[in-house]
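Colleague: Based on the hints, put chain W in the right spot on chain R.
Line by line, the protein sequences are chains R and W.
Under our numbering, the letters of the first sequence match residues 24 to 701, in that order.
Under our numbering, the letters of the second sequence match residues 7 to 183, in that order.
Hints should not be assumed to be uniformly reliable.
[Stated by the list, open to error] Cβ-Cβ distance ranges computed for the label pairs, FRET-style: (1) W:Ala126 with R:Pro498: 25 to 33 Å; (2) W:Gly157 with R:Asn625: 33 to 41 Å; (3) R:Asp425 with W:Gly76: 23 to 31 Å; (4) R:Asp50 with W:Val156: 56 to 64 Å; (5) W:Ala146 with R:Ser322: 37 to 45 Å; (6) W:Ala146 with R:Asp425: 54 to 62 Å; (7) R:Gly46 with W:Ala146: 24 to 32 Å; (8) W:Ala146 with R:Pro498: 35 to 43 Å; (9) W:Thr119 with R:Pro498: 17 to 25 Å; (10) W:Lys160 with R:Ala552: 42 to 50 Å; (11) W:Arg31 with R:Leu282: 17 to 25 Å; (12) R:His562 with W:Ala168: 29 to 37 Å; (13) W:Ala146 with R:Cys492: 34 to 42 Å.
[What the hints assert, rightly or not] To give a feel for the contact side, a few chain W residues facing chain R, derived at Cβ under 8 Å: (14) Tyr29; (15) Asp30; (16) Arg38; (17) Ala88; (18) Tyr139; (19) Ser176.
FYI, nobody ran anything at the bench for these hints, they're computed from the structure.
Virtual Cβ for every residue (Gly too), placed ideally from N, Cα, C.
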Amino acid sequence: MTSEIDTPVEAELRSQLHTSLDGIAVDDLPWPHARADIHHRVQARRRRIRAAVAAVATASAVASILVVLQSDGRRTSSPPTVGTRPWRVVASAQFPGTDPPRIALGDGYVFAGLWDSGRVDRLDPVTLEPTGSVDVGSSQDGPLSLSYGAGSLWVLNFADARLWRIDPATLQPTMKIKLGGEPSQVAFGDGQLWVTVCCATTHTSNRQRLLRINPNSGTITGSIALPGDGETINIAVEPHAVLVGSQDAPVSVLDPQTLTVQRQLHDSCDFCDGAPGLAIGEGSFYVTSKTSVLRFAESTGRLIAESPTVSIGSTATPLALAPDGLWLTSRDALLRLAVTDLRVTDHVQLRASSQIAIAEPALYVSSPGRVVRIAQEAPAPTPTPSPTINDAGLSAAPWARDLPGEVAVNCGSDICLMRPDGTGERPLFATFPEWDPEWSPDGHRLVFRGYYGIAEGDYAIYTVGSDGCHVTRIPGTDGGYQPTWSTTGTRITFAVGGVNVINTDGTGLHKLTRDTRARFDAAPAWSAADRIAFARTFHGRPPEIYAMNPDGSHVSALTQGGRGFTDPAWSPDGRHLAFVATTASRGPTAGNPTVIEVANANGSDRHTVSPAGGNSFDPSWTPDGRVVFLATSNEGYDAYLVNADGTNLRRLYKGPTNGQAGIETIAWGPAHLDRSRC
Amino acid sequence: LKVVEGVRSGNRPRRDDLVAALYDRHRSELIRLGIGLVGDVGDAEELVQDAFAALLRRWTALRDVDAAPGYLRTAVVNGARARWRRRALRERMSRLIGVPTETTDPDVAERSTLLTAIAALPVRKRACVLLRYYADLSEAETATVLGVSVGTVKSQTAKALAQLSKSLESQQSGAQQ
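One chain only, chain R, in its complex shape (with noise of 0.2 Å):
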């Protein structure tokens, strides 16, 4: 309560103020009706925290425990053949949902732990048929990592916030660890069990603790704040050292006994932009940057022999190592490096790779929705396609898993990126409200339109790295809004009393053309072929598509009359415009049903692609020429591709229907992305 004297005009606002508010009536929401949505909010919170944090740096950290020991703590004997015999997928198994299992070894089964599912199940490791199942937690909150070791299976549970021992005999859990924050990752080591915790101190930090822990008591015998990033810490673990990686400081090398800092591998963080994924063995740590891999003497910790150049794409990527072996995941395959001098020499063809465990003669990979066995023998019969439900609801049409490039999608205020099969998703930029994506032509960066204050109207254009990395905002942008790129990706047109081109480092701001009390201009597009089209609205009139040069020159009409057109968008090669045409007009106080339709670069050919009724707007199109819109519908908003020329309509994204809020707004890149972040 207050303590500081009211003068007498406080006092007086201080009571009508409680007399003006509290006079209005709440309705009752008992706790028994509120408590249901309140827990469903909270999952979908989680779900975006588990896609952060486990899918990319739990599965690299357990990848690097387990297949450095096996479940009584002996280093594997001899390593997977490498023959003339391609490695191939030889079993899978499906799982619902689309997040990647966690993955464990030990017992002579495979362990996967489904989050989506709040279970984990024990698999034949030659079929990966289901032998067992245990219940961990709830539905879309529980499991989050698993490890093998002292012949038991340890299994984090999200839901409770306990390190789980389950027998793997019985599946029946025989200890429950209370581990106290928001427990990330798990693993075994040295005898010992190492779990990861979040958060420190209060609800504002980020950073992590790392726990030991003894296993057949239970008891937590050590503990070290974590440096950097809570959300991207990397642990691996042997008798003599403890490593640990984080996105921005060096790799540590730790001593289990004292838990104190030994020494830290310097070059390790050269090209690091994420938690780098790591391995020990051979005397060497293992530590991936984004281009390649880099081995470190364990006695010295000097850097002794770096990879050729593998596109890896994301420095968490997961490592697991053999005795002549260490596989690693690039962008679309599985390598295999030799143990000293790094160099390629097996690849296996295979996309979306999120954890490796070896269990010699095989291989297992999780990757979203499925466990795959690879070895060098016969394939076995590819599954059937089903469609994707993504962690924010959005249900994915199967064949949308052929289509190429990367989508930039709203995930609430904030930019999310997603596959086109909805896989993969994981927020841009998190820090403040981002809107308006447009992808670079080259696929690797976004503008978008950020909040750098909290009153409406503090934005300016800004542009990121698509993992996330090197946010810049551009001088002389505040108040911009609906950015696109230059065909070159060196300059940006964006509207703000007019139409606007910037270089993007903030020099050579030019002013196209400029609003008046009669017209304004917004939603400027940069053609391939050098021409910027924008919707123009005179006083009282409704919108239409002009078109113009990158200098303001040669401004011309694309459409006349009708009832209003807006919102346009370049095909790849800048032959067609789509774009969002009114199709009649309920008055000014009524939603005007819109369609998308697509004409040719000078205005021509005008023709409709979307589905007749409702709304449909934001259109885009995808790198090989279809056009990707929004259209409402009963339960929010779906997406549709279309060819051109209005043929093969399909609905690629059926809205959530699970209450969290839909897509709004969508781009779609040309570049095939990592899963790496800043």
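Modeller: Positioned in the frame of chain R, the structure of chain W alone reads:
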């Protein structure tokens, strides 16, 4: 608040019991704070549900049950900020595709000239006024909730009071004419 007292006496209740007790005690006050911030009863109820969800998520990081009301207020204010931004975007999109939206909220506008004047204040000043004179927080407590300095609270509140005074006088003279 029996369950909270139970915690202090060593009889530890379940987390949900504590949250239920906090919910019963603070929901109405938080909703009215939300109404003052966003002007709409439905939006305010949503803000408060989200605030309790945030409290549950961070429960294990909450060291002191007494800190929970402050955390809930912060969550409501932060949620309100996000909604203002979202609403502004929708208004801009609507303008472009010809779908006007309400710019003045009827819930507030119909009820009180004071609330209408508060609704016209910029974001931070509005939050300062409501936290200081409705939630009855001290300047220091208000600064903690908003994540700003006490000096900022002082200056923003003083400016808000001046602006409110001017706005109310203007409304009064308009009504007399």
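Colleague: Could you check the structure against the hints above and give me the numbers of any it violates, in ascending order?
Modeller: 2, 3, 4, 5, 9, 10, 11, 19
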